[in-house]
Amino acid sequence: MTTPGTLVVDDREKGLFRVHRSAFTSEEIFKREQEEIFGKSWLYVGHESEIPNPNDFQTRRVGGRTVIYTRDKQGQVQVMLNSCRHRGAEVCRERRGNRKIFTCFYHGWAYNNEGRLVSVPDGDRYSEAFDRGEHGLFKPRAETYRGFTYLTFGADAPALETYLADAKHLIDLVADQSSTGMYIVHGTHNYSMRANWKLLMENSCDGYHGFTVHQTYFEMMLNLGVTPGLVADQGRGAGWDLGNGHAVVESPELGMPLMSEEILAATVLRRSQLVKRLGEARTKRMLNTTRNLIMFPNMAIIDLNFGIQVRTMFPLAPDRTEITGWQLMPNDVSEALKRYRIDNALTFWGPAGLATPDDVEGLEQCQRGFSSMREIEWSDISRGMSSQQPTAVDELQMRCFWRQWNASMTGASAIPEGSPYDTSYLKRPAAKPVLETSSSGMTQ
Amino acid sequence: MTGVLSAATLTRPDVEDFLFHEAALLDEWRLEEWLDLFTIDCVYEVPAPDRPDDDPAETFALIHDRRPMLEQRVIRLKKPTAHAEFPHSRTRRLITNVRIISADSDQVRVGANFAVFRVRNGIEVTYVGRYEYDLTCEADGWKIRRRKAILDQDVLDPHGKISIIL
Chain G
6 MTTPGTLVVD DREKGLFRVH RSAFTSEEIF KREQEEIFGK SWLYVGHESE
56 IPNPNDFQTR RVGGRTVIYT RDKQGQVQVM LNSCRHRGAE VCRERRGNRK
106 IFTCFYHGWA YNNEGRLVSV PDGDRYSEAF DRGEHGLFKP RAETYRGFTY
156 LTFGADAPAL ETYLADAKHL IDLVADQSST GMYIVHGTHN YSMRANWKLL
206 MENSCDGYHG FTVHQTYFEM MLNLGVTPGL VADQGRGAGW DLGNGHAVVE
256 SPELGMPLMS EEILAATVLR RSQLVKRLGE ARTKRMLNTT RNLIMFPNMA
306 IIDLNFGIQV RTMFPLAPDR TEITGWQLMP NDVSEALKRY RIDNALTFWG
356 PAGLATPDDV EGLEQCQRGF SSMREIEWSD ISRGMSSQQP TAVDELQMRC
406 FWRQWNASMT GASAIPEGSP YDTSYLKRPA AKPVLETSSS GMTQ
Chain C
1341 MTGVLSAATL TRPDVEDFLF HEAALLDEWR LEEWLDLFTI DCVYEVPAPD
1391 RPDDDPAETF ALIHDRRPML EQRVIRLKKP TAHAEFPHSR TRRLITNVRI
1441 ISADSDQVRV GANFAVFRVR NGIEVTYVGR YEYDLTCEAD GWKIRRRKAI
1491 LDQDVLDPHG KISIIL
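Protein sequences, first through last, are from chains G and C. If you read the first sequence in the working numbering, its first letter stands for residue 6, the second for the next number, and so on. If you read the second sequence in the working numbering, its first letter stands for residue 1341, the second for the next number, and so on.
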């Protein structure tokens, strides 16, 4: 078998980049990923809006473990492994709810929602050496950035903000979209695919596949009528290296399908409110580009203007992946605009939508094609590698992911590509007198 | 279904005939004819698997198609560029436990159970759940105003997708 050191070939001189297909098929590499990547990186758990009130909880699988994501009675976010310290059973078997106490049904050990062991039936049968304080629910390191909570099982992981590097700016671009906060819409898309998880990381930031894989989606838009984007002439988009394996591809704003006068008015109003709050340059970056952000190792936030998809993908086997999709929504828009965004989001991204099933099909077909791995050993990811500024339909963003993957697996260093993320939109223009006459006449 | 059409006289065998005919159209990929069974103001819904009781208009559901999107879904599925269904899956629908739940002057609410088998590339998956239909009477027969497929699966594993009409 090929050793991990030669799985990623990164030839800067010739502008060639390739990945050995065993990275998608090998059981040995799958196990190594569990240790070196999922055992050490920051992994997304959930969004604070999913547990809005004290004692709210959600359970979910993160990095192969079941996790309780809860808010304790003081309102602090807590992340705990869902496994009794006595014999291992899951102490919470509900998907979501509101509880102060999690009681293991096996022998009745009970924990409060800060993880402390508060009750052991017939507890005087333990020796003095038995310390209840050491038998609370296991709490991995957890940190929250702008509402997004992550955990890590790695002792050496840097602080979350350091880890996120320039991906922070991209999180800010979704977190700042509402004056009253962003929230996860009820309803979760849990599905699987018969393909390696890294194929979906690539696909989540792949501008090149849009018109081939999603041709029927764009034809649907044309059939129903497209309202063009609000900002014209945006060039060819760009891929950016955000550091630590995170990357983004930014493309020109998409047109909107089936937009009524009411929705158009609400969209224009929303934009004018954001311009007032954040300035034109930042609003344009926020609302009038699409951004496919991937965060190493296994999270994507995709803002296609008509909706914001939050996605994780965890490997179950080299050729099987567990996928979760959520929809992030601005709180401060009209109910009609919320419904419009939900409809668009599930029509595009849902596993029953008009786009995502074709992505899943594509990735499963790649995995099937890897059966020829002995004859065709390498996949190519060189597109745009020798150009000064890779465009939205190049593959810089995937190379960033793979360099970090390689670094995590082998200890090699991940040398950045391209220029650092352009944050010029954050600079407010010099103060000038406000011209009331130029306002659009929108009222609150 | 000819003769006098009214909710009052509709029997369970009538409803079964209608549902079995619909299932055959879908299994035979006669999707344009299937579309003709719907009213202009129809809705086809599949709720979020973890929120089966919530309104698909207000949740991140799986499907919430009004007539224009339902037409586009059908147009898309008939194209070779609808990759997830090219070549087409074979499907087989078993529809049982058909009940008339309520009837008023112009609308009948119907419930039924389903098992939909999808076979493609040597892989078989089964979707299990129940249907809710609102049927209404138009000049040329009974039409579907609302068709809701509520899945029992809370995770689409190993299905991966719902690329067929459920």
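Calculated from the structure, these hints are not laboratory results. Note that the structure is predicted; figures quoted are calculated from it, not measured. Among the hints, a few may not be true.
Residues on chain G that point at chain C, a partial pick, calculated with CB under 10 Å [as the list claims (entries may be wrong)]:
1. Asp16
2. Gly20
3. Phe135
4. Glu139
5. Gly141
6. Thr193
7. Gln220
8. Glu224
9. Pro233
10. Val236
11. Val338
These stretches of chain C come out as covered by chain G in the derived footprint (C-beta under 8 Å, 3 or more residues) [to be verified]:
12. 1356-1370
13. 1437-1444
14. 1475-1484
Note that the Cβ used here is the ideal one computed from N, Cα and C, for glycine as well.
Results for each hint:
| no. | hint | result |
| --- | --- | --- |
| 1 | Asp16 | 32 Å, violated |
| 2 | Gly20 | 30 Å, violated |
| 3 | Phe135 | 38 Å, violated |
| 4 | Glu139 | 35 Å, violated |
| 5 | Gly141 | 29 Å, violated |
| 6 | Thr193 | 5 Å, holds |
| 7 | Gln220 | 5 Å, holds |
| 8 | Glu224 | 7 Å, holds |
| 9 | Pro233 | 19 Å, violated |
| 10 | Val236 | 27 Å, violated |
| 11 | Val338 | 14 Å, violated |
| 12 | 1356-1370 | violated (count 0) |
| 13 | 1437-1444 | violated (count 0) |
| 14 | 1475-1484 | violated (count 0) |
Going through the hint list in order, the structure does not satisfy hints 1, 2, 3, 4, 5, 9, 10, 11, 12, 13 and 14.
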